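*Asks:* Residues per chain, in single letters:
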Amino acid sequence: MTYQEKKSIVSVISAILIFVSYCLYMYPRFPGGGLESIEAFRYWGSFVLFLTLFSIVAHIIINIIFNIVFRITTKEKEPTFADELDRLIELKAHRNSFFVFIIGFLIAMGSLVILQPSHMMFVILITSGFISDVIGSVTKLYHYRRGV
Amino acid sequence: MSKNLVGNHIRKLRFNHDEMTQQQLADKVGVTRQTIVALEKGNYSPSLELAFRIAHTFNLPLEEIFYYGENTKQ
Chain F
1 MTYQEKKSIV SVISAILIFV SYCLYMYPRF PGGGLESIEA FRYWGSFVLF
51 LTLFSIVAHI IINIIFNIVF RITTKEKEPT FADELDRLIE LKAHRNSFFV
101 FIIGFLIAMG SLVILQPSHM MFVILITSGF ISDVIGSVTK LYHYRRGV
Chain B
1 MSKNLVGNHI RKLRFNHDEM TQQQLADKVG VTRQTIVALE KGNYSPSLEL
51 AFRIAHTFNL PLEEIFYYGE NTKQ
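Quick note, the sequences are listed as chains F and B, same order.
Numbering follows full-length UniProt numbering, in which position 147 of the first sequence is assigned residue number 147; successive positions increment by one, without gaps.
Numbering follows full-length UniProt numbering, in which position 68 of the second sequence is assigned residue number 68; successive positions increment by one, without gaps.
Everything labelled a hint here was simulated from the structure, so no lab data went into it.
No experiment lies behind these values; they were computed from the predicted model shown.
One should not assume that every hint holds.
[To be verified] Pairs of lysine-lysine residues, derived as DSS-like cross-links and limited to a Cα-Cα distance of at most 25 Å, are as follows:
1) K75/F <-> K41/B
2) K7/F <-> K92/F
3) K6/F <-> K41/B
4) K75/F <-> K28/B
5) K75/F <-> K7/F
6) K92/F <-> K6/F
7) K77/F <-> K28/B
8) K6/F <-> K77/F
9) K12/B <-> K92/F
10) K92/F <-> K41/B
Work the whole structure out from these sequences, hints included.
*Replies:* Given below as structure tokens:
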């Protein structure tokens, strides 16, 4: 298995671990009271902002650890640049990821149209963001293994 | 996924050039080893620019390295 394939698998696993652990941490902090209160909106705002920050930092740390483990176990250096195949696969991954997120976004807006509570919209938006991240990594893994 | 119809003789040519490794070829043409692996497996059709760089490395015309369609495979 090549560096890029291993990296895609690590990305999928780390995305799942980061999201699940963050949700488990934030779930008990959901404010009581009215679902449409200012506190609830503040909660969802901070949920998305801190998830973004936490996710970026965790991905960087996991990436550094992965590169160190890769160098030790394979005695190879990781590629330092992205060539035409990498860029093509990256484009396809972004396309699929973007498509999934847009579907999620439209469903989230649809939930408001059918008078679902606003927290439903946030849950759908955050979940579609997570799924789109995973789809991006799975797309990369698929194309690195099966070709373009 | 549609089948890749552009084949090549890169693997054979590498061995005929002092058993050049995939990494050595990758370094010469400016791509990663993963791309050479994908090319040899027939999983990727290179850009015209990369195809020319590979041809220059082996000092051969394009059509002696790449072929179109399975029938022309040697």
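*Asks:* None of the hints should be skipped; say for each whether it holds.
*Replies:* Structure-based check of each hint:
1. K75/F <-> K41/B: holds (24 Å)
2. K7/F <-> K92/F: holds (17 Å)
3. K6/F <-> K41/B: The given pair, whose Cα atoms are some 19 Å apart, holds under the 25 Å limit.
4. K75/F <-> K28/B: The hint holds at about 21 Å.
5. K75/F <-> K7/F: holds (16 Å)
6. K92/F <-> K6/F: holds (18 Å)
7. K77/F <-> K28/B: The hint holds at about 17 Å.
8. K6/F <-> K77/F: With a Cα-Cα distance of about 14 Å, the restraint between K6/F and K77/F holds, given a limit of 25 Å.
9. K12/B <-> K92/F: violated (31 Å)
10. K92/F <-> K41/B: holds (20 Å)
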